[in-house]
Structure formats: structure tokens, C-alpha cells
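Going down the list, the sequences are from chains A and B. Here the first sequence stands for residues 1 to 330, where the numbers follow the working numbering. Here the second sequence stands for residues 1001 to 1191, where the numbers follow the working numbering.
Calculated directly from the structure, the hints in this document are not laboratory data. Computed from a predicted structure; not experimentally measured. Please note: incorrect hints may appear among the correct ones.
Between beta-carbon pairs, the in silico distance windows are [said to hold, decoys possible]:
(1) B:G1173 / A:E6: 34 to 44 Å
(2) B:D1021 / A:A308: 38 to 48 Å
(3) A:A312 / B:Q1184: 34 to 44 Å
(4) A:L13 / B:R1103: 44 to 54 Å
Glycine included, every Cβ here is placed at the ideal spot set by N, Cα and C.
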Amino acid sequence: MNDDTELPEKLALQLRHLPSAIPPERDLWPEIRDRLEVPDLRPSRSVPLRGFWRYSLLAAAAAGVVGLSLVWRSFRGSDTATGWAVAVVSGSPQLDRQRLADQGTWRRGQWLETDSDSRARLAVGTIGEVNLEPNSRLRLLGTAAQDHRLRLERGTLRAFIWAPPRLFFVETPSATAVDLGCAYTLSVDDAGGGTLHVTSGYVALESGARRALIPAGLLCLTRPGKGPGTPFSQDAAPELRAALERFDFTAGGEVALEAVLRLAGSGDVVTLWHLLTRAPAPRRADVFERLARLHAPPAGVTREGILAADRAMLKLWAAELGLFGALSEE
Amino acid sequence: MHAVDPAEPRVDSPFPVLLHDETELVRRAQAGDVAAFEPLYRHHVPRVYAVCLRLVADVRRAEEMTQTAFVQAWKSLHRFRGESAFSTWLHRLAVNAVLMEFRSLHRREAHVMGVAEPGTLETPTDSPPPGLRLDLERAIARLPAQARLVFVLHDMEGYTHEEIAKQMELQPGTTKAHLHRARQLLQEALR
């Protein structure tokens, strides 16, 4: 029997292209959750209990199970179709101008507001959690299973989402933050400008046809009427940040771009990748050269292709830079 | 100023959920925090489900095996010491859940049919489950059950014949025969 012969080459090649993950067709979590046993509250075997105390402890354990279940269900929001559970963290947040008690249900269309002393925490259906910081104004726009949507009018929120990508959206006056599986902080100032800081995973910022992809460790500014700027590293030099802001929002043009290219280092390759298509056409070759020096393009990516904004090549290089590839393995 | 935007930022990932801090979530789940276990589930379920679906080639059974794996993980969390990656540990639990079911069926068949290797009588599956779109996936799903199990475990999951034989309660020679047959059937199917 040729049992230990090598896997035929053609078959081996095809096997390598099979996806390592297949999402189930339905959410299995509710059934799994129902089968999970809560922590064992029984006394240690080394302390034998009899009679009254034994039954008292069993009753307490049972009550604990029921209590935990009730707390769990109330916080996770039994009414996720039309509203989400919201809880006071500190101070006196308001729900549609009414002071919020310890907990409540936040319904579609309602505004949640915090003053300088208050904070609130809300369960995003069953897919995540958002903390609303002081001096913030947030509206619940959508609670559909495929579209959990908020509008941050001003202030700051911190989101931690564990859902599949593109189920959680935060609109702001200048762009929409699209969750791609992540944790992030999003702030909006009184003029409607925003700052996104991604701390885990990826977020896309979108405004019309204008998009930016921001991985963990990077920030991105947004401005009304302009949309998202070019993402930059949290460690980027102040001069580089300033040059990018001029390039993105104040018609800094080629002078600003020149400064960006001069200042960008190995930690700024994601910034440069975005500039491959954002730079004016005559300057894209300069961006290509700078990026190529910092991180050589992978096989299959050519200078001509990039200058022609070939999408497949842009994605290939992005993967090489860790923009997409970082997600492919743990 | 910005005539063209970057390529569409669509992220193709086997993990739909990135974890903020897996170690902390595992620690909290070990302490009995169900809320910490859910993101672990969301993060890892595509890979667990994928291996279950490939092994059993049936959506409903794959869902059951996936659920069993996560329930088993919850029960056994106190034994997870972080010596391997959490994903590796979970993956192993899923494979074990499928093989446990297989052994149970195998013993029942052997008892009823009175043959030592009841799987050798089986025929290829007719219809692959939905969700398996690629030709190779569909061909794997059509393999006879034992041949499919051995092929997936050996050629896709990296198990040795000795490990597979022990887990499936078969002779190593039998698992080698199943592997040979599976490869032949796949090559024919893909011609």
C-alpha cells in the first residue's frame, strides 16, 4: 500500500488554497450559552455538610444561578431588536433629556448625553460594548442584526466589538467608522471634526467614495466636507502629522506632500500606502519610490501597476505591509 | 486633490473577530465569566466550525460538534494552562468531539453488523453540504466517512497514522488504506 507516499502535487496545491475558516450559517452562541454551567458554588468536599446547611447552600447556589442569569439577560439586552441596555458608569447621563437611572433601555432614535461628570456604558446588542465618555452626545440609529448604527454628534466613545466585520457603524458629522473587528476610541469636536485611534484590529473610515483603513496603532483625522484624512502612526513625529493635516485638509498640496515624503520612516508605511492613490498623479512615482525603499513591493506588484492604481496590486502590497495580512493568522 | 481613493478596505480574514486581549478573556472565563467567553467563541468559531464541517460533511452535525466543542472548552477551561495557543487547544477539543462521536457510532455498527471494520462497507456521500463552495471542498465532502476523516486528519490537520488509528480505534494499516482511497477518489473527482 502506498500509504505514506507524498500527497500528489496538484492535490497539495489545491489544499493550500482552502480557507482555514468557515463561518457557521447561523449563530450557535445562544444554544451554547444555554448549555454552559455557571461556576460551581458547592462547598469543598473536605468540609462535609449535612442537613440544613447543605440544603441552604444548595438553595443559595440555585438562587445564584437564577440571579446571574437574570443579570446577564438584563444587561445583554433582551430587547435588542428595538433597543440596547445602557448603564450608568458615573454621574447622571441623560436619555432623551431624562435622567437615566442605574440601568435602562436605549431605544432607536433616542439621544444619550453625558455632561462633564458623567459616563455611560452600553451593550451593542450582543456584539460588543461602548463606553461613552463625558461631554458626549450619541444617538441610536439602528439595531438590526446586520446594522448596529450610532451617531456620535460630539464627544468621545470607546468601542470594543467582537462581531464579524461590517456590523457596527458609528456615523459622525465628517465620516462613518466601520468596524472590522476591533477596539477603538473615536472623538468628535464641536466643529464636527473627528479623531479615530484604533487600539486593536482594524477600522475603516468612509465618507462618500473616500475611504481610509486604519489598523491598530494608527490614528486618522476627519473633517466635515473632506472626509477621512490619511492615517498615521501613533508614534509619528509631530512635523509629519502637521504636514499630513495640511495635505489632507488645508490644500497644502505638493509642499506638504514633499514634507511627508521627507519625514516618513519605516513606521509610516501604511501612511505611504494610502498616499499611493491620494497623491496627485504626477507625484505618485515619488510616493512609490519612498515606500519601495522602506518596504519593497512583493512579487506581482510593479511600478507601472501602482502608478495606474491597479487595485489588485494595491491590495497585494497592502497585505505585505500588514494591512490585511495581519488578520490572516493569530 | 484626492481623485482616487485607496483600494476598497475589505478585510479577508479567517477570524471575523479580533480579540482585545485573549489572555485576559481566558482568565475571566476561567473564573466563570460567561461574558468573557462569548468573544472567545466569536473569534474562534469559524475555524472550529470549518474543521467540524470538513470532518462530518453535514451542516447540522457540524453545528452540534461545534457546540459540543465550546461547551467542553467551558467545562475544561480550568485545565487550560496556556502551554499551547488557545486556538490550538480549542481545535483539538473540536477534533476530539467528532472522533468521540465516530467511536460511538463505530462501536454500535460493529456490534450490529458484526464486522471489525464496518466503515469499509460504506459508499461515498451523495450530496455535499451547502457552504462548501470549492470543487475540492465538495469532493472531500463526498468521500466515504472514514476515508474523509482520515484524509482531513492526516493531510489537512497533520495527524500521524498512529494518532489517527488510536483515536478512531482502527488498525494503522486500515487508516493508510483509507487515506490511499481518499486520495484516489479526490484525484478522480478533480480530473
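Each hint tested on the structure:
A hinted range of 34 to 44 Å for the beta carbons of B:G1173 and A:E6 is inconsistent with their spacing of about 19 Å. B:D1021 and A:A308 have their C-beta atoms about 42 Å apart, which keeps the hinted 38 to 48 Å range intact. The hinted range of 34 to 44 Å is satisfied by A:A312 and B:Q1184, whose Cβ atoms lie roughly 36 Å apart. Under the hint 44 to 54 Å, the C-beta atoms of A:L13 and B:R1103, about 33 Å apart, miss the expected range.
When held up to the earlier numbered hints, the structure conflicts with 1, 4 and fits the remainder.
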